[in-house]
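**Q** Based on the sequences and whatever the hints tell you, model everything.
Sequence order for the protein chains is A and B.
Sequential numbering from 24 applies to the first sequence in the numbering used here.
Sequential numbering from 24 applies to the second sequence in the numbering used here.
Hints listed in this document are in silico derivations from the structure and should not be mistaken for laboratory results.
Here the structure is a predicted model, which means the values were calculated and not measured.
Built from N, CA and C at the ideal position, the CB exists for glycine as well.
Careful: at least some of the hints might be erroneous.
As the list claims (entries may be wrong) - Interface residues of chain B toward chain A, partial, derived using beta-carbon atoms under 10 Å:
#, residue
1, Met44
2, Tyr53
3, Pro270
2 protein chains.
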Amino acid sequence: MIVSNTGNYIPVFFYRKEIIMKNGIENGYYHEITPGGFGIAIKAGKVLFSDNSPFQKVEVFETESDLGRVLTLDDLMMTTEGDEYHYHEMIAHIPMMQHPCPKSVLVIGGGDGGTIREVMKHKTVERAVLCEIDGMVIDACKKYLPTISCQLDNPKVEILVQDAIEYMKDKKDEFDIVLIDSTDPMGPGEGLFTDEFYTNVKNSLKKGGIMVAQSESPFAQKESVQKMYKQLKKVFPTVATYTSNIPTYPGGYWAWAFCSTDVKPLEYYNEERAAEIIPTCKIYNKDYHNARFALPNYLKELL
Amino acid sequence: MIVSNTGNYIPVFFYRKEIIMKNGIENGYYHEITPGGFGIAIKAGKVLFSDNSPFQKVEVFETESDLGRVLTLDDLMMTTEGDEYHYHEMIAHIPMMQHPCPKSVLVIGGGDGGTIREVMKHKTVERAVLCEIDGMVIDACKKYLPTISCQLDNPKVEILVQDAIEYMKDKKDEFDIVLIDSTDPMGPGEGLFTDEFYTNVKNSLKKGGIMVAQSESPFAQKESVQKMYKQLKKVFPTVATYTSNIPTYPGGYWAWAFCSTDVKPLEYYNEERAAEIIPTCKIYNKDYHNARFALPNYLKELL
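**A** Now the structure itself:
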């Protein structure tokens, strides 16, 4: 047992040989350690918001790092001000540039608003629906992460605080692009990784429509990736994978599934919108876009 | 002050508000935190080797993680058994496949042997020189990281325990490929990041020769990257950049400089050796090779 000078016990996880690092902030550092025993550490600052919604623990904290403020859900890293564009530009522009005229877009999850912000850069968009189960995430991000949530008040954006599983049950021929910007396949995000749900998404797509879903870390979550692609392939004729660097996700590497009934990856590219949008991006450009679909051997074997 | 039940003081860095996480193993976890305040954490196991050479602290430890054993120098991550191929395949095959017949190869640094292992997959190689300043690194890796160091006893491999700055002073027209597999530009690696050294490397290259140097993390070490490329451009007519994922380097993303007097990147590709070598690789393939030179906007602006 270890006792501090104030007489308080120090949690046993600090004691060498019995250590299990918990995810979340402890002793000035935020940690997220994967089941594989490695992960990320960030010097944490003031906690700005921390509460339990009916679905999960929602927390926004300052960091004493180049990453700025951080959003975590159930103590798992969702996004940081300092690297959020790595994720949001990739989930949005890779499919959007491969559609000739995306007018109607659905984002499932994504309550921080970063994906919507990138979607709204496309002038063709007439209607963007954000279907997020947890209103607390939206409220916290509007208040504490304004550079990420800045387009949530755009009049073309319709915000539904609703379970996407319910919402998708009767959708037919409604969206050009569906982006699944979910948490991991545990907790509130779990039902978004089933073939039933993917079938409903497929039915919701118009002709030429594309679904992109975040599909976990190919290096750190190999089994999740494998399971998810197996299910996607049961539903969609085209299931491709693209990857990019996400500095604050374990392994630093992330995959997205590109799925469609009638579109194949890299068949079409909208040069006009690209010319407008690329100068606003920190990552995205046409060469980088094309390079995303080249996968390492170990990931090709997984899929 | 905090006192354990054995009467030992617990380091003050555990005490909230006064925490500065040190790099290295402490309380069961290895941490490497960049000056930017974020980094990696790995559940550490038994320390197999730890000693100070005349140049640096050399340590090999087990981890209780998917990463297996780890080599650190001055408490900075060098390589792990579990992800080393991400680095070694990229530093070696990207330039080697762009040379029609690499016979003579020099690796500077790289005492773990991983780069040499990949180089020796190319059957054209008649002579590979490893010039590593610190014999303790070579010895520790031969003993504790045999899957990485396994080609160091190949009779075609000449090992020089020597300062590469001295070694390179009089080299003319000797190597087809030079790979700078160094530590960061501080400590023993510092002199490998000067224009004088790069000029000596350029002189050591044969016609059609290529130098590749590890060039730090574009996300986590922006200033180092910028400074290094400025110097390289003073020396080499062609300076290109390629990047790939390294799970255990901060930011999960790494860059290499591709430099030559007379070769431009992606002009030539050796299909024959590729066909032999790709099946032995966990990352490397031709599509992935070509995609490496597509850079995110923020990195293009840095360079």
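**Q** All hints are to be evaluated individually against the structure, with a verdict given for each.
**A** Results of checking the hints against the structure:
| no. | hint | result |
| --- | --- | --- |
| 1 | Met44 | 6 Å, holds |
| 2 | Tyr53 | 9 Å, holds |
| 3 | Pro270 | 4 Å, holds |
Going down the numbered hints, you'll see the structure goes against none, and every one checks out.
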